Amino acid sequence: MTGLAKRAAKKVSPGKLSNKSNMIFVLLGVLLMALGQPAIAQDLLPPAPYAYKQLEDPALEAKAQALMETLRCLKCQSQAISDSDAPMAGDMRHQVRTRIAAGEDPEAIRAWLIERYGDYVSYAPQNKPIMWPLFAAPLVILLLAALLLRGRFKRAGGKGVGE
Amino acid sequence: MTEPQPKKPGLAIWLPLALFAGFFVLVIWGLVRPADREVASAFIGKPLPQFNLEAATGDRPGLSTADFKAGKPKLLNVFASWCVPCAIESPQLAALAQSGVEIDGVAIRDRKDDVARFLATNGNPFARIGKDDMSEVQLGIGSSGVPETFVIDGKGVIRYQHIGEIRAEDMDLILRKLREAGQ
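Protein chains in written order, with this note's numbering: chain A, 1 to 163; chain B, 1 to 183.
Just so you know, these hints were derived from the structure itself, not from any lab. This structure is a prediction, so every number in the text was calculated from the model and none was measured. Heads up, a few of these hints could be off.
Unchecked claim - Pairs of lysine-lysine, BS3-like flavour, derived with a Cα cap of 27 Å:
#1 A:K75 / B:K72
#2 B:K112 / A:K128
#3 A:K63 / A:K53
#4 A:K53 / B:K112
#5 B:K177 / B:K46
#6 B:K72 / B:K177
#7 B:K46 / A:K75
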C-alpha cells in the first residue's frame, strides 16, 4: 500500500503526467490518502448492541428515549446521552434500553445513575431543599413589588380622582 | 396638582449600579475560571457492585467483586490501551506495585491484543485485569473517564477516587488513602 502511494507520489513530479497509467496512479494515491484514518484516542470496539439500535417495542423505546434525553453525557457534558456519539454515551444508552426492556422503571434508572454520579447526571430538576429558594424567589419578588407599589397607588388614588 | 416633594436620593440610588457590577464580576469570573468539569463519583463509601469480568489479557486472570473481599486494601485502576494519559501513570503504578500494593485493572472497551501491546510497552503492574466492553463496571462505580483509580478496602467498599493519571506528586496521597482504608 505504501509502495503504491510512493509510486503515485513520485509520478506527480511536473511534466510527467502525459500518459493514462500515470493518471491512474495519481488518482489511486489521492484515494488512499482520503481513506487514511487519523490517529485518535478512541477505542476500536464496536458500539454496544443497543447503543444505536432501538428497542423492538415502540412503547418501551419511547420510554427509553424520553429518559435518555434527560441524562447527561459525562464525556461531553452539554449533551444528553441521546445526542452524543461518545462511546460512553453509547454504553449508557445500552444500559438504559436493556433495563427498560427488562421492565425497570425509568425513574429507578435515573435514581441508579444519580446514586453514582450525583444530581449532575440528570437534566430533570430534583425536588430537594436546595431548590426551594429558586421556586420561592418569584413569589418573594412579587411580594416585594406589591409592598413597594402600595405606597404609590395610595397617594395617586387619594389625589387623582378629583375629590 | 402638585407633585409630591421628591425625597433626597440616598444610597439606594447606587443599588442598580451595584447590582450590575456584581453581575458583571460574576460573568467575568465564569469566563476566566479554568473549566473544571470533572464528575466525581458519588459512590464513595459504598460497596462495589456485583460484577464478574473475563480476563482482558492472556497472562492475568479476570476480575470479580469477590476478589476485593480478601481483607487487604487494593487499588482498582480503570484504564484503556487507547487512553494516552494511562501510559503516563505507569511508572507510578509500577512503583506502587513494587511497594506491595495490589493493583487490579479494568480495561474499558479494549481488545486483548491492544491490552497486551499496551502492557508490553508500559509494564504490567496489575494482578488481575477484567475486560469491561460496555463500561458496565465503570458506570456501576460512578467513574466517568480513563484513567481513574479507586481505593477499595478489605471488605470491598470504595473508599477514595482519584480522577486522572496518578502523578509522582499524588503518590503520598494514594498511599495515605490506602493506609486509611486498611485501618
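The hints, checked one at a time:
no.	hint	in the structure
1	A:K75 / B:K72	violated, 33 Å
2	B:K112 / A:K128	violated, 45 Å
3	A:K63 / A:K53	holds, 14 Å
4	A:K53 / B:K112	holds, 26 Å
5	B:K177 / B:K46	holds, 16 Å
6	B:K72 / B:K177	holds, 13 Å
7	B:K46 / A:K75	holds, 24 Å
This entry does not satisfy hints 1 and 2, going by the numbered hints stated previously.
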